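Chains as they are written, first to last, in my numbering: chain A, 1 to 447; chain B, 1 to 447; chain C, 1 to 447.
Hints are supplied without guarantee of correctness; some may be wrong.
Identical chains blur together in the list; that is why a pair holds if it fits in one copy or across any two.
[To be verified] Computed cross-link-like contacts, DMTMM-like style, restricted to lysine to aspartate or glutamate with a CA-CA straight-line distance of at most 25 Å:
#1 K415 to E385
#2 K231 to E385
#3 K307 to E425
#4 K306 to E385
#5 K306 to E439
#6 K231 to E439
#7 K231 to E198
Calculated from the structure, these hints are not laboratory results. What you are looking at is a predicted structure, and each value in this text was computed from that prediction instead of being measured.
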Amino acid sequence: MNTKKLLMLGAGLALLPVIGFAQETTEVAEEIAEAAPSFDEIGPYIMTTLLFLVGGFLVFWMAAGFTMLEAGLVRSKNVTTQLTKNIALFSIAGIMYWLVGFNLMYPGEFNGYVGGFFNITVLEAVGLGADEASLDYASVASDFFFQLMFVAATASIVSGALAERIKLWPFLAFVVVLTGFMYPISGSWQWGGGWLSEMGFSDFAGSTIVHSVGGWAALAGAIVLGPRLGKYKDGRVNPMPGSNLALATLGTFILWLGWFGFNGGSQLAAGTVGDITDVGRIFANTNMAASAGAVTALILTQILYKKVDLTMVLNGTLAGLVAITAEPLYPSLFGALWIGAVGGAIVVFAVPLLDKMKIDDVVGAIPVHLFAGIWGTIAVVFYNEGTSLMTQLTGIVAYGVFTFVVSFIVWYIFKMTIGIRVSEESELTGLDLSELGMEAYPEFSKS
Amino acid sequence: MNTKKLLMLGAGLALLPVIGFAQETTEVAEEIAEAAPSFDEIGPYIMTTLLFLVGGFLVFWMAAGFTMLEAGLVRSKNVTTQLTKNIALFSIAGIMYWLVGFNLMYPGEFNGYVGGFFNITVLEAVGLGADEASLDYASVASDFFFQLMFVAATASIVSGALAERIKLWPFLAFVVVLTGFMYPISGSWQWGGGWLSEMGFSDFAGSTIVHSVGGWAALAGAIVLGPRLGKYKDGRVNPMPGSNLALATLGTFILWLGWFGFNGGSQLAAGTVGDITDVGRIFANTNMAASAGAVTALILTQILYKKVDLTMVLNGTLAGLVAITAEPLYPSLFGALWIGAVGGAIVVFAVPLLDKMKIDDVVGAIPVHLFAGIWGTIAVVFYNEGTSLMTQLTGIVAYGVFTFVVSFIVWYIFKMTIGIRVSEESELTGLDLSELGMEAYPEFSKS
Amino acid sequence: MNTKKLLMLGAGLALLPVIGFAQETTEVAEEIAEAAPSFDEIGPYIMTTLLFLVGGFLVFWMAAGFTMLEAGLVRSKNVTTQLTKNIALFSIAGIMYWLVGFNLMYPGEFNGYVGGFFNITVLEAVGLGADEASLDYASVASDFFFQLMFVAATASIVSGALAERIKLWPFLAFVVVLTGFMYPISGSWQWGGGWLSEMGFSDFAGSTIVHSVGGWAALAGAIVLGPRLGKYKDGRVNPMPGSNLALATLGTFILWLGWFGFNGGSQLAAGTVGDITDVGRIFANTNMAASAGAVTALILTQILYKKVDLTMVLNGTLAGLVAITAEPLYPSLFGALWIGAVGGAIVVFAVPLLDKMKIDDVVGAIPVHLFAGIWGTIAVVFYNEGTSLMTQLTGIVAYGVFTFVVSFIVWYIFKMTIGIRVSEESELTGLDLSELGMEAYPEFSKS
């Protein structure tokens, strides 16, 4: 796969001190210069690797965004638990994706670098020579780093929907299954070059593969788990306002920022004029869809309820982002605008709908990630000529059936065995004191 | 304008799959390799586009910074409203700048890419060929993305000053006018290659064009709107402490981080040794000016009031940043130090001055962005030899007169027609409950 | 040094429609164009400079992380003081490192650019020519910017441990000594090419040089300063829970994000296949160690205390990060996992140990940065073949003795002269009201 003409570089690189100060590197630099491959050969590899690293740390940042969003939208008596769940799920995702997920999702990729037993992810050697690298792509480590952040996002989605009544450890057990197996298996259908990819399904950065998968898993969990005590009482929906809207807004901004990496990095290349220009298009479209989602929710809640609803605006923003994720490249800015706007509208109408069905989704994760994710995946057909509605629907249904059914079974088994719900007393006291013995705001508690 | 020698690349790029899996890209890569332009030709374009994307997401992050700063400095009864205004203004700015602003500000730029009707911004084609790109600059989308973030900053400045008594929708209507028309029109005088640019005015990243414009619009608004109830009573200034200084400090750090993109990205080039080295200078100077502003406010408040005042330190930091924004490149680190220090001092003296004039600027936006912005624009003459004090003053006055007068008229018309101020009762209750029906911290309210 | 073969590029560059300074840069561009070096020559310089700028702003962000972590872990009556200390220490570090530290730490580096009197840092000229640049390294300004952020991290560590009872100004005076002299002097032993470097000591990104140095200075301070009133009473440890765990968690995520720059940027090169691939390895390993530290603390606190302890999980995450910092490149992902896991375990066992010794470390900075820092420095020998346990221990002891002794003396002199501890009354009231006269959450105070 690699051009093998750069063998001489090895010797020079081997001399490279790990921390190269000027006086040392000067000599080495001269030696390298003689044998160095030209930037025409290595430039694209370097740029794409950089794209994965920058994109990856931006998507990492989304973990903080989900955490703040969810911590802000639960009641103060459950904040510590929500914080704990989020940092734990991210950490577990990182380990499971290394242990199983990455090589399950991209079978046959990066040949020579996959491990043996249990398919553990193995990185390239230190100081890789240009002749050993996949010069037409990027470093395995950077790719692993980038992809890992996506699976963590999926798990974060589930965390929000099931807040305020789920037990910590059963939730984390589900994260193990989701990030190690469910997400990688279904992800491989498309991004691993599997059957949906061959059929022509298109989901650029994962409206379906990441977001709706998280949403389906959350939906199954919410049904098996049941609503919070007192949420639906005497035929009425009892509002349970979030404890800290400043945190929730911060979380939304963090997610918005991270999404530039989520969508932009999914270009998977940055070393040609066409690729870097496309990344620019994706950034601009992503921002536009978010803006349109926000403004739509702003206007709609004003019209429908005569008062702007900030939590709807936040979720409208996120729904705009989810909606553009399946195809952030081909739409014009106007396309991004209306695709995002429809996403925002979906949230405004879907949140009360779920409540009517007595499905208790604490942070609105299902409307945002599942419903807007489906919408975004359908909307691909308007701008990407290589796609068909039929294929897009096939993909949507395939991911839906697989994730919902498997999630439902897993949640149900957990419910019947270890139990997934805290006691009524714990729920009323709040999970922080009853489960963790630690309040998030010990000096500000009401009463 | 473009060198036309790279025609062959088109075919290769057109074959590029949007998401390039290894097995697919290998073949394409080989094809491209034959016709690919060298990195000497495309490297600068790629690097400058990358600068705009990274700089752009950093400046995006400033939107979160303004939001947290302002949410922390208002009283808890107005936090939800402040959060809502900020996410809404950013979203509206993004739409207006696309619809009108960008092409109004940079007329004639990017020929071939400007739209027809209403001057809507149109991006380059997907998978742009190297022969179609402005290889001596950067991708239009990345430039649009970067510039868009600046107009949003201007609007954020206004938001803070007018907090705690302005109605939501009239404020957002002003944002439409400011981001779609006022800022782009005056911005074009300099950055669009207009009369001030021809005269030799110098404002590297916008001490005047962005910050003082925001400050002038805020000042006009604060005068038309009047102070908060009870702020100036019986000849005394009644302190109304912010509800959450941790958030305000977070906001300041976010802004500081974003400012590296704000000033660094304004180098507008990153593909030569000189350019990337200059970006490094700008980063170091920007950090120094912020540090100097903070330390100055720290020392001055200790001397003047015998107690350090954290909100002054935060605003001193920001004033240092605003002051260096007009010329972050030419000053030495010592130059950045004293320019930033004067900025910090300005804030310490200007905040009580405004209060004496009974101009109620809730977060100190006018001292920080207007006064320190003027100072920074003047300070350019000390280090940039190509500038003259007369020209700098001309620019300062031009932006001041235009922005203040137009803003005043717009605010006045709004006041006379739709009304810009909430009722006394609403103001006393707090805008969150009276206007939005949603508290930011429902469980922590006093009493 | 430059090849002169790219003359044709000039015409294209001359047409540059740079926004703003078009008329000025055109001439310059023409001059440059004639002699433009190829990307093979300048690419590495540009990429490494970019690495320092991106790495630097990520490490900058850690200042916000420390601030939020510490503000969240102190009681609400001391939050304003903690916020003030953190923004002040960062600003002072920036000034001291410019004034003395940088040239003290890297003597003889960047010849031609060091200043005269007092060794003030001087940057390269604006618009540096490729023939004047250190093409085998990076821009001085970017390097200064990057290194500066490390010294600030050291000071932040001290801030957390000594919270809730130290006076503001004596603390800041210690920061002057630490960032201007102590850290640069000891840092030069290794990173300045000094005796430890020659001996073969290895500390990639500073488990010892940055983190344990901060930890030693904090330990000396904690001993001289004594515990908070009532912390150890009647043989019992009195828990004083932090006021805002959401902020503390946000701070941890911010630090985690910043650490990618901390470790990744310490590769000090990004312009070859080997270097950028190594940066990818470092990112992946850094993330793995953090995850492992978190999961270890999660499981251990569940086993030991039957309840998960979020603050332990946060500190376990940070300890994992500190532990991998000495050698984030050579370990496999499995190596990063167990090195980070041991770091997490250290925190769980060391926090109660310190309490037994009545050393009051408010935020757990000593276990995280000192103990896990020592561990990480030892762990280098398992994966980096060029190192020996003896040399690693020599380095650990050298930094420990120097920093602890000098810090102890400085703290002791301060204690005997200006006094370092607030009055008992002030401590009970809280430093915010007694020292600064400003509450962080004025509307949410208890009672």
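Here is how each hint holds up against the structure:
1. Taking the shortest Cα distances, K415 and E385 never come within 25 Å of each other, neither inside one copy (45 Å) nor across copies (50 Å).
2. Within a single copy, K231 and E385 get their C-alpha atoms no closer than 45 Å, and across copies no closer than 60 Å, so neither meets the 25 Å cut-off.
3. Taking the closest pair of Cα atoms, K307 and E425 come within 25 Å of each other only across two copies (17 Å); inside a single copy the shortest separation is 35 Å, beyond that limit.
4. Proximity of K306 and E385 under a CA criterion of 25 Å is satisfied in neither setting, with 41 Å inside one chain copy and 57 Å between copies.
5. Within a single copy, K306 and E439 get their C-alpha atoms only as close as 36 Å, which misses the 25 Å cut-off; across copies the closest is 16 Å, which meets it.
6. In this homomeric assembly, K231 and E439 come within 25 Å of each other (Cα to Cα) both inside a single copy, at 23 Å, and across copies, at 19 Å.
7. Neither within a single protomer nor between protomers do K231 and E198 lie at most 25 Å apart by alpha-carbon distance, with minima of 45 Å and 65 Å respectively.
In this structure, the earlier hints numbered 1, 2, 4 and 7 are contradicted, and the remaining ones agree with it.
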